[in-house]
Amino acid sequence: MAGHDPTGPAGNERKELRLAVLISGTGRTLENLIMLSKRGELPARIVTVVSSRTDVRGNEIAEQAGIPLAVVPRRAFKSTEAFSAAIYDALLPLDIDLVVMAGFLCKITVHPAFEGRIMNIHPSLLPLFGGKGLYGDRVHESVLESGMKVSGCTVHFVDESYDAGPIILQSAVPVIDGDTPSTLAARVFLEECRIYPEAIRLFATGRLRIDGHRVRILPANGIPNLTAR
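Residues in the sequence shown are numbered consecutively from 1, following the UniProt record's numbering.
There may be inaccurate statements among the hints.
Under the rule of at most 27 Å between Cα atoms (straight-line distance), these lysine-lysine pairs were calculated in the DSS-like manner [to be verified]:
(1) Lys107 - Lys78
(2) Lys149 - Lys132
(3) Lys107 - Lys132
Hints were generated in silico from the structure; no laboratory data involved.
Using the sequences and the hints, build the whole thing.
So, in structure tokens, the structure goes:
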């Protein structure tokens with residue numbers, strides 16, 4: 001992906017991104033994105049939510065917000081490839097500009113049409129405490145067991161490996177004596193709610209450039225609108 005420009009919607013005038021959100025659970029991150037979008041604080045409109053489970057709160061959040069919901073149960077597919085194909089079958093007709101994983105716990109392949117257009121957020125400072133099987137409280141338990149004095153969260157582009165794509169933004173929080181996985185998770189989640197929308201804003205304004213395995217953030221002033229494909 002050397003020199004790759006992740007870009008947004010076509011047209012010379014900047015407009016809202018068409019956003020798809022992938023979920024597997026409670027939908028807390030989805031809730032935050034919906035709230036910011038409604039307030040006009042996120043230059044994006046969530047046009048669909050795709051859930052990998054039938055029985056999670058996140059599905060209800062999408063429906064209550066009037067956002068079209070597609071449920072694609074992971075257990076219904078024997079392979080990652082078949083599951084991924086079903087996900088993209090739901091996304092491709094919708095002219096999606098950016099896909100964001102919000103507590104989405106399933107691995108998918110990266111469709112060529114979405115290279116550099118899928119983001120994930122992970123509750124640690126990657127590459128630490130990432131990879132298959134490390135999610136949710138498992139991450140925070142591992143951080144506490146390690147004796148780390150800081151933890152945090154990472155927004156990254158998705159590639160074919162777990163939690164290994166180019167890093168966009170990170171934010172650190174202290175690990176406090178007496179922390180439990182729950183208290184640490186709450187502190188990290190506050191930062192997730194801040195930096196994930198910021199990463200989306202950077203994408204929307206054409207300020208992200210993937211250069212090898214690094215993401216360069218272009219200056220805010222004096223740049224062309226890169227939201228044209």
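Hints versus structure:
no.	hint	verdict
1	Lys107 - Lys78	holds (13 Å)
2	Lys149 - Lys132	holds (23 Å)
3	Lys107 - Lys132	holds (9 Å)
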